[in-house]
Amino acid sequence: MSSPFADLLGTLVRQRGVMGGLVVSESDGIIVDATLQVGIKGNVVAALAASLFRKARLSSAAAGLGEAMFLTLEAEHGRVCAAGRSDLILVTIADPRTNLGLLRVEMLKGLEGGTLS
Amino acid sequence: MSDDVRRLSDELARDPSSLVFLQLGETLRKREQLELALKVALRGLERHPHSADAHDLLARIAVDRGEMQRAFDEWDMVLRLDPKHGGARKGMGFVCFRQGKLHEAEKYLAEANALDPDDPSTVAALENIRKRLASGNGGHPERSESLPRAQRGGSRHSHPSSGQPPDGDQYRDPSPSARDDSGPDRAARSTQHAADFPRDPRLLFADLIGEEERTALLLDAQGLVLAGAYVSHEGRDVAQEVGAELSGVSEEARRAMRHLGLGEWTSIVFETQVAYVAMAPAPQEGLLLVAAARTTPLGLVTRFLDRAVALSRTWLESLR
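As given, the protein sequences belong to chains A and B, one line each in that order. Under this note's numbering, read the first sequence as residues 1 to 117, first letter to last. Under this note's numbering, read the second sequence as residues 1001 to 1320, first letter to last.
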């Protein structure tokens, strides 16, 4: 049986360079659903994304900057993106070839779709 | 909605061509509802394009939004429409002062003073500027006096042509260490001493920030603030709170990247409803954070981040 997030994750992982898509609980970093290439450590991605997104949300609140919506962590050989508005966040892990702009649009579109709320 | 705003809004709705928009815009401005104030002023100007008071209102809102050049231009328009408008001259003097153009500031304030010699705020401001000019202290007041703000909408300055003009204190330079050299040039130099930087570490990035809607903060590995400032739109320095919430980010990202085989992390950028916030690893396991308004192109934010990292590296080296 497919989860309500299957279509959304399927759309994301079809993007060039995307190695995995996850729906993660922001409060504890637990994976709710994921589509990952073999070898990707989903738990590590989920824990990192949830923690970073939480910190972004809290620091943004402390600075009076409103709600955090989208986050990107860039590294030498890839990137992790996260988008969210509720306790559930949408996460992708991608290699440097990814078109970040396109991926961002797709992830925010995924949020707008209301699947995560 | 407060009674005043409601009453004025109703009045304006009944007669959209009335000049009550001036009062409404000013009330909203004083309450720091700057976007609304701006809308009201712009709509009013559509109907009254030759109203000096309407341009004056727009100038004061622009100052609150940190848009100094726009404020100057609006006051310039006020003077074309009403050459004897003393408030506009005070306003232009104030903007010039904030931009470090002390001679021009003195000229505008002297003209305002000639029009209204009994205005104590103009007299005090003029005295302070003349003292600075006489002492040869031409340091940039914006760089030495104010802190970078996270949101320019919350400027703490009162307004030269409002009911509460700036007093003489706003024209003082509290820091004798004010210097006029540019951040990028400074960051590019490799052999520098602590004396080359502002004495107050909160002002370390002031040159880089300039008049832009940006802020920068250097945190140590524990999330404690080393340099820079983060002033909220309420005018409160929230650097420690922001630092506390972000403590451990650097180490966490490094460990996770190692597990995932993605190499070293180079930046984290997140967008909020009103700003871009970007972070990068800083020397000694610290974290450099910059924030900029959403209107800033993201590419410029990351460039600003790179320059702030370079500057903080040089500064930390100078402390050794």
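Derived from the structure by calculation, the hints contain no laboratory data. Values in this document were obtained by computation on a predicted structure and should not be read as measured data. Beta carbons: idealized from backbone N, C-alpha and C, even for Gly. Be aware that one or more of the hints could be misleading.
[Said to hold, decoys possible] Covered stretches of chain A, going by a simulated chain B footprint (3 or more residues, C-beta under 8 Å):
id, stretch
1, 40 to 51
2, 67 to 79
[As the list claims (entries may be wrong)] What follows is a set of in silico ranges between Cβ atoms, one per label pair, in the way DEER data are often shown:
id, chain 1, residue 1, chain 2, residue 2, range
3, A, Gln37, B, Leu1042, 47 to 57 Å
4, A, Gln37, B, Arg1294, 26 to 36 Å
5, B, Glu1032, A, Val38, 22 to 32 Å
6, B, Pro1201, A, Glu67, 53 to 63 Å
7, A, Glu67, B, Arg1031, 16 to 26 Å
8, B, Ala1221, A, Gly101, 25 to 35 Å
9, B, Glu1127, A, Gly101, 33 to 43 Å
[Said to hold, decoys possible] Among chain A residues calculated to face chain B with C-beta under 10 Å, some are:
id, residue
10, Pro4
11, Ala6
12, Arg14
13, Gln15
14, Gly17
15, Lys55
16, Arg57
17, Ser60
18, Ala61
19, Ala62
20, Ala63
21, Asp95
22, Arg97
23, Leu102
24, Leu116
Of the hints stated earlier, which fail here?
-> The structure conflicts with hints 5, 6, 9, 10, 11, 12, 13, 14, 22, 23, 24, although it agrees with all the remaining ones.
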